[in-house]
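**Q** The residues making up each chain are set out below.
Number of protein chains: 2
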Amino acid sequence: MGSIGVVEPHQMNFRDALPLQCGASLSDYTLVYETYGRLNADASNAVLVCHALNASHHVAGMHAGAPRSEGWWDNLVGPGKPLDTQRFFVIGVNNLGSCFGSTGPMHVNPATGRTWGADFPVVTVEDWVDAQARLVRALGIERLAAVIGGSLGGMQALAWTLRHPARVKHCIAVATAPNLSAQNIAFNEVARRAITTDPEFHGGHYYERGVVPARGLRVARMIGHITYLSDDSMEAKFGRELRNGALGYTTQDIEFQIESYLRHQGDKFSEYFDANTYLLITRALDYFDPAGAFGGDLAAAFVPARDNRFLLVSFTTDWRFAPARSREIVKALVDNRIAVSYAEIDAPHGHDAFLLDDARYHGILRAYFERVAAEVAA
Amino acid sequence: MGSIGVVEPHQMNFRDALPLQCGASLSDYTLVYETYGRLNADASNAVLVCHALNASHHVAGMHAGAPRSEGWWDNLVGPGKPLDTQRFFVIGVNNLGSCFGSTGPMHVNPATGRTWGADFPVVTVEDWVDAQARLVRALGIERLAAVIGGSLGGMQALAWTLRHPARVKHCIAVATAPNLSAQNIAFNEVARRAITTDPEFHGGHYYERGVVPARGLRVARMIGHITYLSDDSMEAKFGRELRNGALGYTTQDIEFQIESYLRHQGDKFSEYFDANTYLLITRALDYFDPAGAFGGDLAAAFVPARDNRFLLVSFTTDWRFAPARSREIVKALVDNRIAVSYAEIDAPHGHDAFLLDDARYHGILRAYFERVAAEVAA
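Protein chains in written order, with the working numbering: chain C, 15 to 392; chain R, 15 to 392.
The set of hints was computed from the structure by calculation and includes no laboratory data. Treat the hints with care, since some could be wrong.
Said to hold, decoys possible - Derived Cβ-Cβ restraints for the label pairs, each shown as a range:
no., chain 1, residue 1, chain 2, residue 2, range
1, R, R128, C, E214, 26 to 36 angstroms
2, C, P93, R, E255, 43 to 53 angstroms
3, R, R374, C, E342, 25 to 35 angstroms
4, C, D371, R, E255, 31 to 41 angstroms
5, R, H216, C, D360, 43 to 53 angstroms
To be verified - Here are some chain R residues pointing at chain C (derived, C-beta under 7 angstroms):
no., residue
6, L32
7, C36
8, V136
9, R207
10, R229
11, M236
12, M248
13, F252
14, Q266
15, R297
Cβ atoms here follow ideal geometry from the backbone N, Cα and C, with glycine treated the same way.
Chain C with its partners taken away, still in its complex shape (with noise of 0.2 angstroms):
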């Protein structure tokens, strides 16, 4: 297995206006992307990767000039790795309202020539999808081998084959839900309660006062880090050492080692993470639910995926989204006939584990683009 090496991020400009779920549309935006591996004459090997909450278009390879910059995904993704870049044509994009250089809140909108701010439209998964399949339109690929994420980027999958059922033929998605649960909504909330309060947030109209909601985003990337991770791998990497040997008797200062390492945590994600961007997406997890439209038959939203193929993959200590949520996804696609392949993965590590290198879920993976790839020729 080697590395993809250094990459280089595109970018493409869109002048047709995407017409949102909020009734709003976006005209004149631009999508970041990178690839990786050549795409094949007839354009049938082409795997779309979706980022999830904090990740971006850069999914594999190095940045030149960089080191230790390896893409978020690049344990998957390079040759004769499970996604093999000597088979597939791999696209990584970065979403509307993200940070890393697709068109977002930190931008200037073109109608006010001032930036969006907290005006910047509240973007949704579908509108994720839609943008998307422009993209993919756009690099000369009619249809797609497959759409892959994790997470949030796992919701996206499934709603390409929600809304472009025949533009892609397999959707994998990984530790992901049908929709958040209460709990799952109520932790955004405190999140996003922690970065509107600070006074630095002024609204979301922070930019133009040179400020960042930094105490804001420290405290939500502290509360999301909990829930990435098991108890039972925070437990045996943590457990309750003491970051100096003995107790110091402080409220304010550190005394445990777990407290060091959140701290670190929330420290690093607001040097680099946007304020307006984690209210966004935080709320794109929120909104989706494609049963809602049909009463809450999950079931009844997945007809028009009935020509797709499925592999759904779960983490046992994944509390954040459970197993018992993507087996619900399995039991809507099983209801339609819908071909589906299900692994539950025996893992320690939490909702973290989509990232991590294991064995089997990799092997699994691994297993299933060979499939892709014989069918594609690729």
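On the provided structure of chain C, position chain R as indicated by the hints.
**A** Leaving out everything else, chain R in the frame of chain C:
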């Protein structure tokens, strides 16, 4: 079953310095307490109730002129109730560092003449129990018939048997744990960071500025509240219900009922609770770890309690202090051949179940207290 009716808090001042685990000591401190029922002639029918994070000495009954001021465990304590005040003399005491009357960070440090603020000593479960033991003695009670508490209150009940085993017979510890897990500490730490990074916190010296870190307290309470409820009960109560019937596509306003509920809980809490108290109490939770001094051997920690009797109760859907944590305590007691009864209640309400009136739960407490009453001829 009747109600206790109107009750009045009392206070007791202590001049003798109380040595604390942190190495400091508190002199000239006050404890606020309430009592219900009558102490019998040989002072053998007293039961101490220990409070958890946001509660107080006001366990049962009402305060004069304050409708809806029922104590926090009024469903348990009263004439004819499971902890029957016609048979027992019940004591509720507010812990040191609290914001409900006992000496705390909002009071004046007699040594400096200035408000304690963040300089209030970091008190522990063991310190609280030592202070409670002095109060109990001052009330003329050499030995409690029982000590009872839930959650952090359960930790105090356990600590009584380790620090003052001869001064209490029965320990009833509900929905508690022998220590916090890394995940438990992590949630506490995020809540503390929300408070301490609120610009109105001023390093814990906000009283003299006439401000309150309300934003931080709100977020802290929202986080805590999620961990008190089970995923299922939140789902059953709120699900994905929208507040206005249709999506508003907004990142800052309320969309879902669960958001409205959490914000309300946060707002209410920030109006009555003190930020320094929140820090102190979460630290007391973090620090509690009786096995810590015995290399993690919980059975060794419980050797002093060999003449005590225990009832432990846990709730199936409590993911903050799961039944497995109570079972660790049961095992440590059994390893010491200490008499212990254990009930695992199949209740849907998560950690909060210990405050609710569940028939099986209250039935078990009633039966246990009847046994205790028979022993002391109450």
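**Q** For each hint, tell me whether it holds in the structure or not.
**A** Hint check:
For the hinted restraint 26 to 36 angstroms between R128(R) and E214(C), the CB-CB distance of approximately 31 angstroms keeps it satisfied. In this structure the hint that P93(C) and E255(R) lie 43 to 53 angstroms apart at CB holds, the actual value being about 49 angstroms. The supplied range of 25 to 35 angstroms is met by R374(R) and E342(C), whose beta-carbon atoms lie about 31 angstroms from each other. Between D371(C) and E255(R), the C-beta spacing of about 40 angstroms keeps the proposed range 31 to 41 angstroms intact.
As the Cβ distance of H216(R) to D360(C) is approximately 49 angstroms, the hint placing it in 43 to 53 angstroms holds. Annotation: L32(R) was flagged as interfacial toward chain C, and the flag is violated, the nearest CB pair being 15 angstroms apart, outside 7 angstroms. The interface hint given for C36(R) holds, since its Cβ lies 4 angstroms from the closest Cβ of chain C, which is under the 7 angstroms cut-off. At its closest, the beta carbon of V136(R) sits 4 angstroms from a beta carbon of chain C; the interface hint therefore holds under the 7 angstroms criterion.
Residue-level restraint check for R207(R) holds (minimum Cβ-Cβ distance to chain C is 6 angstroms; threshold 7 angstroms). For the restraint placing R229(R) at the interface with chain C, the shortest Cβ-Cβ distance is roughly 4 angstroms, inside the 7 angstroms limit, so the hint holds. Given the 7 angstroms rule on beta carbons, the hint for M236(R) holds: about 4 angstroms separates it from the nearest Cβ of chain C. Hint status for M248(R) relative to chain C: holds, with the closest Cβ pair at about 4 angstroms, below 7 angstroms.
A least Cβ separation of about 4 angstroms between F252(R) and chain C falls short of the 7 angstroms threshold, and the interface hint therefore holds. At a threshold of 7 angstroms, the smallest CB-CB gap from Q266(R) to chain C is about 5 angstroms, leaving the interface hint in force. The interface hint given for R297(R) is met, as the beta carbon of that residue sits about 5 angstroms from the closest beta carbon of chain C, less than 7 angstroms.
The structure fails hint 6 only (numbered hints given earlier).
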